[in-house]
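These are the residues of each chain, in order.
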Amino acid sequence: MPQQYRLILKNIDAPGYTNDLDCYVRHGGYEALKKAFEMGPRVSPDGGTVSGPEKIRKTVLESGLRGRGGAGFSAGLKWSFVDRKSGKPIYLICNADESEPGTFKDRQIIYKDPHQLIEGMIISCYANDVHLAYIYIRGEFPEGARILKRALAEAKAKNLLGKKILGSDYDLEIYIHRGAGAYICGEETGLIESLEGKRAYPRIKPPYFPAILGLYMCPTIVNNVETLCHVRHIVNMGGADYAKLGTPNNTGTRIVSLSGQVKKPGYYEIEVGKVTIGELINHENFGGGLLDGRKLKAIIPGGSSAKVFKAGEKFKLKKKGADGQMTTVEVDMLDLPYDFDSLQAAGSMSGSSAIIVMDDSVDIVEALANLSEFYAHESCGQCTPCREGSLWMSKALHRMTHGEGRKQDADYLLNIAQNIQGRTICAFGEACSWPVLSFVKKFKDEFEAKGAADESRNKVAATSKVTIAASPQR
Amino acid sequence: MSNATTTETKPAPPPVDKMKIKIDGREIEVPKMMPDWQGKLQPTTMLQACAAAGHDVPHYCYHPKLPIAGNCRMCLVEFGTPAMGPDRKPVLNEDGSAKIAKSVLPYEPTSPRGAIACATPISPGMEIYPNSPATKQMREAVLESLLINHPLDCPICDQAGECKLQEYSVDHGNAASRFVEEKVHKPKHVDLGPRIVLDDERCILCSRCVRFTKDIVGDDALGFAQRGSHNTLTNFPGKQFDNNYTLNTVDICPVGALTSKDFRFKMRVWFLKETKSICTSCATGCNVIVGSREGNVYRYEPRENDAVNSCWMCDSGRLNYKWINREDRLTEVQHLKSKAQSWPMALKEISEVLRKASSGSVAIVASARQTNEELYLLKKLATKFNAITDSVPRHGESDKLLLNADRNPNSNGAKLIGISPAQMGSNLPKIADGIRNGTIKTLIVFGEDVTKHGIGTDLLVKLDHLIVSDILPNKTTESAHYLLPGCAHAEKRGSFVNAKGRVQRFLQAIQPKGDARPEWEFLHELVFNVTGQNGFASIEGLFNQMAQEIPAFNGVTWAVLGDAGVTIPT
Ligand SMILES: Cc1cc2nc3c(=O)[nH]c(=O)nc-3n(C[C@H](O)[C@H](O)[C@H](O)COP(=O)(O)O)c2cc1C
Ligand code: SF4
Ligand code: SF4
Ligand code: SF4
Ligand code: FES
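If you read the protein sequences in the order shown, they are chains A and B. Heads up: the first sequence runs through residues 0 to 473, numbered per numbering that gives the first Met the number 0. Heads up: the second sequence runs through residues 0 to 569, numbered per numbering that gives the first Met the number 0.
In short, the hints are calculated from the structure, not lab data. There could be a bad hint or two in this list.
[What the hints assert, rightly or not] In the DSSO-like style, the derived pairs of lysine-lysine whose C-alpha atoms are separated by at most 30 Å in a straight line are:
1) K135(B) - K406(A)
2) K57(A) - K84(A)
3) K204(A) - K64(B)
4) K204(A) - K21(B)
Chain B on its own, in the form it takes in the complex (with noise of 0.2 Å):
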C-alpha cells in the first residue's frame, strides 16, 4: 500500500550537476548547488560536502537554518586546488593527475591557510583534508581558545551531556591547559526575558541564539555588548527577551549559556527519554520530542521538520505540558450512582444504553484534539444512531512564523472523518436545541466542557444520559453519568491531520495515570458492543483500516507516515 498518491508527488527534478572533489583523499561527486539556510540553491560549502562524504566537520556557529557567520573557526580546514601555471592551464604530475597546491599563508607559505568549511565553497578538483594533522592542530587551537576563559562549571552545568563543547574537547581537545593567567569574568545569571537565563561565562559568543532572532524571529533583541574577549551577550537596554520563540535559543545554544528557567536544573538530560510526538496546541503540529522520566514529563523540544516546523517551536506550545502531570488528573471511572466502577462494568453498562438508543436520539460532541483514530471510531458510533456531532472550535492569534490561529491539532482530521462540519461548532446550537426539546437523550462528550459552548447544566440534567470522557475536571465531568478517564497525548499513540493537511503520527512516552486509559482503546471496544464491527485492536491497524475507509487518506499507512508525516490534500 505504499504506492499512496500524496500531493508530494511532483514532476522528476531536473538533473543535478555534480563536481567531482577529493575529501580525505577518496574522490566524491557532490551536486554544485545545494539548499541554505532559507533553502535557496547556493554553491555547495565544503561541509555541506563533507557531510555528503560521510565526515562531521565540527562546528560551534553553523546551524544549517541559520545564516552563515564564520566567527568560531571551529570548521576550519586544510585544502588544496589545482595547481595552476604560469599559461592558466592545470599543472600535471608525472602519473597525468592533477599537481596540487596546498593552500597556505602568503607571507609564510611553510604553515597552512584553512579555509572555514562551512562558508567556504567547493571548486572543481578541490582537495578537503578534513583530517590532516593541520586540520586537527587548527581545531585544537580553536579549543583551546574557546577553553581558556570557560568557567568549566560542567558539574553544575544544565547544558552537561548534550554539551558541544564538552563534546569536541573529548573528541579533539588537548588534556592539559597552558592557560597560566586570570580568566575573563562575566555576569553569572543573566535574567535575558521570562523564560531565559544567561550565564555569560559559559557563552562562547557564536551569535546563534542573535541570529536566530533577529533572522527567524524578526526580533531584533540580542547583541553583544562590549570588545574582544570581553564581549558580553546582552538584550537591548530596557527591551525584554520576550517573544514566542525565546526557548529556541537554548537547543540552538551549543553551550549552557543560554538556560530554561523551566527546566533548569530539574533533570540531568541523560536521564530522559525521549519520544517522537507532536505539539498539541495549534494546528501547524510541530514535531517534538518528550522528554520523560518515570511517568512525568519535563520538556518538549521541537524535531526537524522541514514540511512543518524547520528545527523550532514556539514558547505557548513548548509549556504546554503541565497540565499533564497535574494532581487533579481523572484517573478513576465514575458513575452517579455507585460510587467506584470498573472499565468492564462500565463499558457494559454504556454498551447496553447505546444498545437501546433509538435513531437521532443521540449527539456526540467530540475535540479537535483528539486523534484521527478515535475521531474515526466516534464517527462509526454516530452513524450507527443517526447522531449529529460536532467539536468545539479553538481560535487565538496567528503569527508569521508557525503559531496557528487554529489551536486545534487536529481539526482537518475532525472534519475530513466527518465528526465535525465544514464549520466547526455550527452544529453546537443544534444539540443544544435537541436536548431542550427532548430528541436529544443521549449525549457523549470527549475531551470538551459542553457548558462553556452554549450546552449548560441546565440542559445537561435534562439528558438521559450523559457519557463523558476526558482528562481533567469541569463542568461537564462533573454532571457525567458515565465518566471515563482519557489520555493526555504523551500517554497514547495517535495521528494528526494538521492545518496544512500533513499527516502525523505521535508515540507513547509515558504511561497512563490511574486507571486512564488510551480512548482509542476502550472505544474500540463500544464500537464492537454497539455496532457488532470488529476493527483493528491496535493503533495501526485502525488508521490503516481508516485510511482506506475515508477518500482523504489516500490509503497512507502507519508505516509510510514514518516520523515526518505525509501530507494529503485537504
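Looking at chain A on its own, in the form it has when it is part of the complex (with noise of 0.2 Å):
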C-alpha cells in the first residue's frame, strides 16, 4: 500500500510538537550536529588523512541526495565545484525564497520545525568551510522570518551558534535576509544580487557560477531548504543508508505539494519514486481521489513551471528488467513513479514537486492565461526574449479568454514560447515558456476551437472591424 514516509515531517504536525529549541532537543535534535562534529579526521584507506568536514562532503555524495528547489542537481557534486583554493570566503545560502505556484513545502519546515533546517545548515556549513551563511527568506512570510530569527537566538544562545560551537573549533553565523516579494528572487544567481542590496537580475553563466564567482564575487553553495534538512538525516543515517531510501539514482525522501481539484489537497513526504503519481491523486493515504464526479483533465506535476500532462497520456520510458536488460515500456501518466528522471523522461520535470490537479471543469485556456499573466508579472525584464515574449504570450491569452481569439492563435503562443526557451540568462525563460508550449501542444483543438468560435462570433457581430480588447498591463 503506498505510504507517506515522514523523514523531514516526523514531528512536523504531531500533536504536541512545537517550534521551540527545547522540544527538538527533546525529539533528538542537534545530536547529528554533535555526530557530525564527531567525524574526522580519519585516516583514509589510502593512508591519507581524510578531515571531518570532507567526510560529510563523501557522505552527502554517497547519499545521492538530489536538490529539492528545482532542478534536482546532486547536492554532493554542487558542493563539489566549490572553490575552496581561491583564498575568498566561502558562503552558503539556504534558498527559502518558496514562491513556485503550487509549492509549499518549504514553509511547513521554516513554520513548524526551524531548528531542523538550521541544524541542516550548521552541518552543511561545516562540511563546506563556511563561517557565515544566510536564509534568504520570502517577504512574504514575515511570520516564518520571525521564527526563524527567533530560533537563531535560541540556537545562538546554546553555543550552537557563534563562535566555537558546542566547544569546537568552529564559528559561524547565519543572517536571515527578507526578499521584498518577487519570484526572481528564487533564481540562485538573482538571488544572491538581491542580497547584495541590487536588482535581482540574474548573472550570466558563464562566468558567474555561484561555486566560483558567487556572493560578493566568492565562492558560494545555494541549497534550498528541504534539500539542507535533508543533510542532517544523511549524517544521522549515513550515506549509503539514505540512499537505501526511494530509488536508485532517486534517493531519499521528498515532500510533495498536492493542490487543485483533489479531496484533500496537502503535503506529503514520500520515498522518492515509490510512489506512483495516480496514487498521490487518488490513493486514500494521499489526495484521496478527484471531487465527486469530476473527471480527470491535466495535472502539472513539479510547480506551475513544469510541462503539463494531459490524462491518458502515455509514455514510453526504459526500464531495466530483472534481467538486467534494458526494455521500453508504455506506462500511462498516471503510472508514472514520482521522481527525478521519470518524470524528465516523460518530457516534464519534478520541478518543486507540486502537483496540481486540473478536472475537466477547468477551462485550460483559462488556465494558461492565469499562469501567463503570473509569469509575466514576474520576469525580471533583464534579457529580451523572457521580457518581451512573456508579456507577449501574457496578452494573447488574455484577449483569447475575452472572446478576441483567433483560430492561428494557437500556433502564434507556439511559436513566441519556442523563441523564448534556451535562450534567455536564466531558466526563468523554460519556466516561462513550458506552460505555453505544453499546454498548447497538448490541447490544441481546445485552443484552436476556442480561437475559431471567436473568429465567426465576432465577423458575425463586427461589420468589418476588428477590436482587440484591451490588454491587462500588469
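Since each chain sits alone in its own frame, please combine them into the complex, following the hints.
Have a look at this one:
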C-alpha cells in the first residue's frame, strides 16, 4: 500500500510538537550536529587523512541527495564544484524563497520545525568551511522570518551558533535576509544579487557560477530549505543507508505539495519513486481522489513551470528488467513513479515537487492565461526574449479569454514560446515558455476551437473592424 | 623618417598563445586570451574571435569598453564543440576529423542551443556558425521582440540614421510584424538631468548607460524600475543624472532613447560632415569628431583612442564649441588709425615695424591654446628679437577619469617649443615691468587677454606697437594697434602635445569666418618678411621641420602622427 514516509515531516504536525529549541532537542535535535563534529579527521584506506568536513561531503555525495529546489542537481556534486583554493571566504545560502506556484513545502519546515533547517545548515556549513551563511526568505513570510530569527537566537544562546560551537574550533553565523516579493529572487544568481542589495537580475553563466563567483564574487553554495534538512538525516543515517530510501539515482524522501481539484490537497512526504502520480492523486493516504463526479483533465507535475501532463497521456520509458536488460515499456501518465528521472523521461520535470490537479471543469485556456499572467508579472525584464515574450504571450491569452481569440493563436503562442526557451539568461525563460508550449501542444484542439468560435462570432457581430480587447498592463 | 623613436617602443611582446577554431566553416587561429573592457587579458570570447575572422556579430548590450551584461541576446550564435565519447576521448568522423556535436537544448535535442557570443569563451576545436539558418532565426526573433513594444517613431527620432535598431532591422529583421496586441506605454519625455532627455519607449533596456555611469564614471545614477516588459530606465529619485560625463550615454545608447538637449532636433545626422579633431578644453586632448554643416559646428563626439580617452569625453569639453559660431567673432583685419585694412597692408606694416625693432624691445605673449606650428613660428620671431615670451596658465579642477587640471590643450607644446618657461606665466610680470620701464616697446599677443594677467590697459597704452591676433573681442583686442582675426581650431589644422606627451593632430572642419585666416599662414609670412627664413608653407612641412629642429619631437612626421598621435618624452 502506498504510504507516506515522514523523515523531514516526522515531527511536523505531531500533537504537542512546538517550534522551539527545547522541543526540538527533546526529539533528538542537534544530535546529528554532534555526530558531524565527531566525524574526523580519520585516516583513509590509502593512508591519507580525511578531515571531518571532507568526510561529510563524501557522505552527502554517497547519499545521492539531489536538490529539492527545482533542478534536482546532485548536492554532493554541487559542493564539489566549490572553489576551495581561491583564498576567499565561502558562503552558504539557504534558498527559502519558495515562490513557485503550487509549492508549499519549505514553509512547513520554516514555520513548524525551524531548528531542523538550522541544524542542516550548520552541518552543511561545517562540511564546506563556511563561516557565514544566509537564509534568504520570501518577503511574504514575515512570520516565518520572525520564527527563524527566534530560533537562531535560541541556537546562539546554546552555543550552537557563534564562536567555537559546542566546544569545537568552528565558528558560524547565520543571518536572515527577507526578500521583497519577487519570484525571480528564488533563482540562485538573482537571489545573490538581491542579497547584495541590488535588483535581482540573474547573472550570466559563464562567468558567474556561484561555486566560483557567487556572493560578493566569492565561492557560494545555494541550496533549498528541504535539501539542507536532508543533510541532517544523511549524517544521522550514513550516506549508504540514506541511499536505500527511494529508488536508485532518486534517493531519499521528498515532500510533495498536492493542490488543485482533489479531495485532500496537502503536503505528503514520500520515498522518491516509490509512489506513482496516480496514487498521489487518488489513494486515500494522499489526495483521496478527484471531487465527486469529476474527470481528470490534466496535471502539472512539478510546480507551475513544469510541462503539463494530459489525462490519458502515455509515455515510452526505458526500464531495466530483472535480467538487467533495458526494455521499453509504455506507461500511462498516472502510473509514472513520482521521481526525478521518470518525469524527465516523460518530457516534464518533478521541479519543486508540486502537483497541480485539474479536472474537467477547468477551461484550459483560462488556466494557461492565469499562469502566463503570473510569469509576465514576475519576469525580471533583464533579457529580451523573456521580457518581451512573457508579456506578449500573456496579452495574447488575455485576448483569447476575452472573446477575441483567433484560430491562428495556437501556433502564434507556440512560436513565441519557442523563441524564448533556451535563449535567456536564466531558467525563467523555460519556466514561462514551458507551460505555453505544453498546454497549447497537448490541448491544441481546445485553443483552436476557442479561437475559431471567437472569430466566427466576431465576424457576425462586427461588420468589418476587428477590435482587440484592451490587454492588462499588469 | 618613419624610424622615429617614441616611448611606445617596448620590448617585443611574448609570443601569443593561440587556439584553432572554425568560424563559418573556415579554420582560423585566434589568441587564447584577449583584452577585456579594462584591457585585462581574459579568455577570448566568440564575439572577439568572430571579429578577428571578419564576422561582425550583431549586438546591442555589448560594448568593448563596458563590463559585459549579456542581456540583449542579439549576439546569440549557433555553435558546436568536438564530440566526446564515453571514454572522454574525441569522437572522430570516418575521415579522421573530429566529430562536432552541435549544441542543442538538453530537453529538446532537435532545437539548437545558441550561446551569447559576447560572453562565451571559445574552446579548442569549437565551431561557430555566425550565419547559419539557426543563428539567423534566433537573431530575427530577438529583433522581433525588441520591436513589438517599440514606438517606431523613426521620422521624428534623433537617432535615425545612426540607430542600431533600424540598421539591424534592415539587415536581419522580418518585414511584417505578427504582433496584434496593445503596446506597452512608458514615459516619453523624461528629464534625467540638465543635459539628457530620455524617451523610455525607445529604450531597449540594454543597460549600456547604466553600466557606463556606474562602472566608468563611478556615479551610480541610473537604474531600472518596474519589472518585465514594463522595465523603465530612470534616475534615482531625487538624484539628477548630472556628472561631467553624462553625454557619453547618448553616444553609446544604441537607439534614440537618450538624447542630448543640446543637439536634439537641431540637425539630421546624415547631413553632418565629420572631421577628426581634438578637444581643446584641457590638457587631456580627447580625440573628437566635429559634426559640422555649412560652416557651423553642431556637435562634438568622442573618437576612440585608447592612449588618450578610450571612447569617452567630458560634457564640459563636448559642449565648449558654441563660441565658434558666436556673432561677435572677430572677422576683420583692423588698424587703430585707418579703418578697413587688408591682410597684405597689415602684414606689410607689421613687418616694417618688426624689422625696425631692436633686440630686447619686443615681447610675445602667446597662448597654450595655440598649435605647435603657430608657437614654433612665434618662437622664430622671438629668437630674432631676443624677445621675452610666455603664455597664460589656465587651471581648474581635475577628476579621476579624463579632465585635467591644466585647461590648456597645449601647455606641453608651449614648453617644448620654448615659448613658455617651465613655470608658465612666470615671465608675465617681467613683461609688465619691461613695458612699465620702457624697455619693451612692441608687444605681440596671440589669443589671450593680457589685461587679465597683469598687463592692464594702463600699460598697453604705453606701447609703441600692440599687435594682437584673436578670435573674440576683449580688452586687449580693443587696445590693439593691429588686430588680426584668427581661427578656431575647427577652422584650421595643427597639432598639440597633451599632458602625457602625446602629439596629436587635428583637421579642418569648417571655413574660417569672414577675413579670418589660420594663424600659421600669416605667421609664416611674417617670419619670412622679418627674418628672411623661408620655411614650409604647408602645415605638414612646418610640423616636420619643427620636429627636426626641436629634439623632443624626435623627428616624428605629420604623416606618422596619423589619427591617434604619437607619444614623445616630455
Ligand atoms: C525562476 C526560478 C525560480 C526559482 N525559485 C526557487 C525557489 O523559490 N526556491 C528554491 O529553493 N529554488 C528555486 N529555484 C532554483 C534555484 O535557482 C536553485 O537551483 C536552488 O535553490 C538550488 O537548490 P537545490 O540544489 O538544493 O535544489 C528557482 C529557479 C528559477 C529559475
Ligand atoms: S530569463 Fe526572464 S527572469 Fe531570467 S534574466 Fe531573463 S528576463 Fe530575467
Ligand atoms: S537608454 Fe539607451 S543605453 Fe540606456 S538602457 Fe536604454 S537603450 Fe540602453
Ligand atoms: S577631458 Fe579635457 S580634453 Fe577631454 S573632453 Fe573634457 S575638456 Fe576636453
Ligand atoms: S551583445 Fe547583448 S547579449 Fe551579447
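Now for the hints, and whether the structure bears them out:
no.	hint	in the structure
1	K135(B) - K406(A)	holds (28 Å)
2	K57(A) - K84(A)	holds (18 Å)
3	K204(A) - K64(B)	holds (20 Å)
4	K204(A) - K21(B)	holds (23 Å)
Checked against the numbered hints given earlier, the structure satisfies every one of them.
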